[in-house]
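Okay, here's what each chain looks like letter by letter:
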Amino acid sequence: MSISDSTILSVQDVSISYLAHRGKVRAVSRVSFDLHQGESLALIGESGCGKSTLNLGIIRLLPKTGRIDQGKILYTTRDGRVVDVLGLSEREMREFRWAECAMVFQAALNSLNPVIRVRDMVYDTAQAHGRHDRVQIRKRMLELFRRVRLDPERVFNAYPHELSGGMRQRVLLALGVLLNPQVVILDEPTTAVDILTQRTILEVLRELRAAMGFSIIFISHDLSIAAEMADTVATMYAGEIVEIGPVEELFYRPRHAYTLGLLEAVPKLSVGAQELVSIPGSPPDLIEPPPGCKFHPRCPFVTERCRREPPPLVEEAPGHRVACFESARVLAHSQPVR
Amino acid sequence: MEATTSPQAVQSGWAAFWKATRRALTGYTARTLLQGLLTIWAVMTFTFVLIRQMPSNPVQIEAERIVREELVSYEEAYSRAASLFDFDPNQPIIEQYVEYLAKLIRLDFGQSITSAGTPVLDQILQYLPWTVFSVGLGLLISFTIGIFVGMAMAYWRGGILDNVVTALASILFGIPNYIIALLIILILGVQLKLFSVAEALGRVDPTIEPGFTPEYIGSVLSHAILPVVTYVSATVGGWILTMKSSTIATLGEEYVTVAQARGLSQWRVLTAYVGRNAMLPLVTRLAISIGFVVGGSVIIEDIYRYRGLGKFLTTAIVARDYTSMQGVFLVIAVSVVVANMLADVLYGALDPRVRVGKEQ
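First to last, the protein sequences are chains F and H.
Residue numbering for the first sequence follows the working numbering, starting at 1 and increasing by one per position.
Residue numbering for the second sequence follows the working numbering, starting at 1 and increasing by one per position.
Wrong hints could be hidden among the right ones.
Only pairs whose alpha carbons sit at most 20 Å apart, straight line, appear in this in silico DMTMM-like list of lysine to aspartate or glutamate [claimed, not checked]:
#: 1; chain 1: F; residue 1: Lys64; chain 2: H; residue 2: Glu99
#: 2; chain 1: F; residue 1: Lys24; chain 2: F; residue 2: Glu288
#: 3; chain 1: F; residue 1: Lys139; chain 2: F; residue 2: Asp120
#: 4; chain 1: F; residue 1: Lys64; chain 2: H; residue 2: Glu254
#: 5; chain 1: F; residue 1: Lys72; chain 2: F; residue 2: Glu46
#: 6; chain 1: F; residue 1: Lys64; chain 2: F; residue 2: Glu46
#: 7; chain 1: F; residue 1: Lys64; chain 2: H; residue 2: Glu253
#: 8; chain 1: F; residue 1: Lys139; chain 2: F; residue 2: Asp124
#: 9; chain 1: F; residue 1: Lys72; chain 2: F; residue 2: Asp124
I should point out that these hints are in silico values taken from the structure, not numbers from a laboratory.
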């Protein structure tokens, strides 16, 4: 098992599919990336491109119809052992979840059981991982609630419906780091809240990360949040990572037509009134994906070669890998824009 | 100074009193109680009028019986029947109603018409425990089976258990309980001779001395088996199907996935997150069903000769024993109303979102 020193999580060649009536849906195909200690990785892309599926796959909580077809997910434990998450037993997997890798789901409104008090969910979580000292757990949880700027006592004893959406999101965030995990996956953590709450959540997240040093996998439609939070950004299209690189590289020198399209679809305050360019068409059918590059039917840079063979993921600049035959033209096109 | 303040003080005292009264009347508890009382009164009044609209009256029914058995003229039979009962069929209905209501306010259900001298309440109290025991036991068994089987089916949706039980439950759910009772007697009793029909009917072997003896309790239980089995098979399908769909809905909830992501054991997720939440709507239904325990047994008790409140009611209807019928209907109405209140309270206790009046 090859894995570099600082790598916490190494996803290698993972494919995930769902069984549907019409056939097999290739939701994630041959995805690879490394997540380093303290790194923040943002996954961007349209709805249905496989971001959430990938993350559910990492903690092995796919819906019943979902299956991980191939690949390895290597995880480095605190004592330096490397384990394949896909090879863990049911019991080991249960212990892995939340204690090693926590996941804060999108729409935290429904993430908490409406008939159980927050404190009981906290105790439940701790007890599932063998921590039975209630006084200690309570103390730690109250401290974390204070850090995410919640009124600790009130929130601890509240039912979920007594809290606002932003508060619930922060409850989940604090609960997510209760067991001091090495990896925190955030699935659209700011989608359902207003812009001010969004700010608070991002600040709180940054503070927690600085204090605790966990790595983050961050799913977002919102490119500005990705730009702000991430060290590394990966663009996903039709279940594949089509471009991955350091955040400034990817946002200022995009080399994949799809990343460029996403960037051009965002309004820019600095440039003033300017026509927004959206990407024509919609994501492809994942049961029978188009041949060659899956993006070719929507791509303005398409050539004959793109229709025939799928482009491989190639490192074109340090740490910047892209799967596009026409990356030079895309790069040249993107420069005058900025 | 004093002269002007004291009337004001009195006035504000009264105002405060009225304010408190109004608040009490608009309060949730008071409103519910008042509503319940109103419902009971309305049901009582309706049945009072309706049962007197049935053809014949107790005296005529008794007179017809005498004519059939003793070959006397109808006039003679009628006068004999009239002298037997403390009931005047020619009294205006309004008068009867006012008299009845006046007694009822003192919780006096009156005397039975056909068995003169026996208070209706005594009879009801004598029959009621048998019905509560048999129907209640049936309900409890049925509910328990429904919860567990329904949940298992939702968990292994699309499996053999799911498919077989869904079909079976739908069929059972569609057959009325009296058909099931007749089928049990005809097929299991008469055709297959799994039990002796003559011995199984009734509610207890009359030759056994009542008491806390193993023989007596055994006899009570063995006679309750048939009605209980009937109640269970007639209602279990509904519970299973409801629990199944409720569990499926709950399994799709985000908080179940999150509970799993938090590393909770399968068992903990199953009980505290799926089971508990899926059961919420069923608990309300259970409470309401408890209300129908009393009324839901009429035909079954008749078929099995099980002398409970239902059998008592049919006997009373045949004899047009107005006061006895009225008494039973009143018990049914009260139990339904109380069960509904219980359902409200219970739901509030189980689901904090619908708790009312606590914040004030």
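Status of each hint after checking the structure:
As the CA atoms of F/Lys64 and H/Glu99 are separated by approximately 68 Å, the hinted pair breaks the 20 Å bound. The suggested pairing of F/Lys24 with F/Glu288 holds, with an alpha-carbon distance near 9 Å, which does not exceed 20 Å. A hinted pair counts as satisfied when its Cα atoms are at most 20 Å apart, and F/Lys139 with F/Asp120 qualifies at roughly 14 Å. Proposed proximity of F/Lys64 and H/Glu254 is supported: the alpha carbons are some 15 Å apart, at most 20 Å.
Between the alpha carbons of F/Lys72 and F/Glu46 the distance comes to roughly 25 Å, so the proposed pair goes past 20 Å and is violated. For a cut-off of 20 Å, the pair hint linking F/Lys64 to F/Glu46 is broken: about 24 Å separates their Cα positions. With a C-alpha separation of about 14 Å, the suggested pair F/Lys64 and H/Glu253 falls inside the 20 Å cut-off, and the hint holds. Annotation: proposed proximity of F/Lys139 to F/Asp124 holds, straight-line Cα distance about 15 Å (limit 20 Å).
The straight-line distance between the Cα atoms of F/Lys72 and F/Asp124 is roughly 30 Å, outside the 20 Å bound, and the hint therefore fails.
The structure does not agree with the numbered hints 1, 5, 6 and 9 stated previously, though it agrees with the rest.
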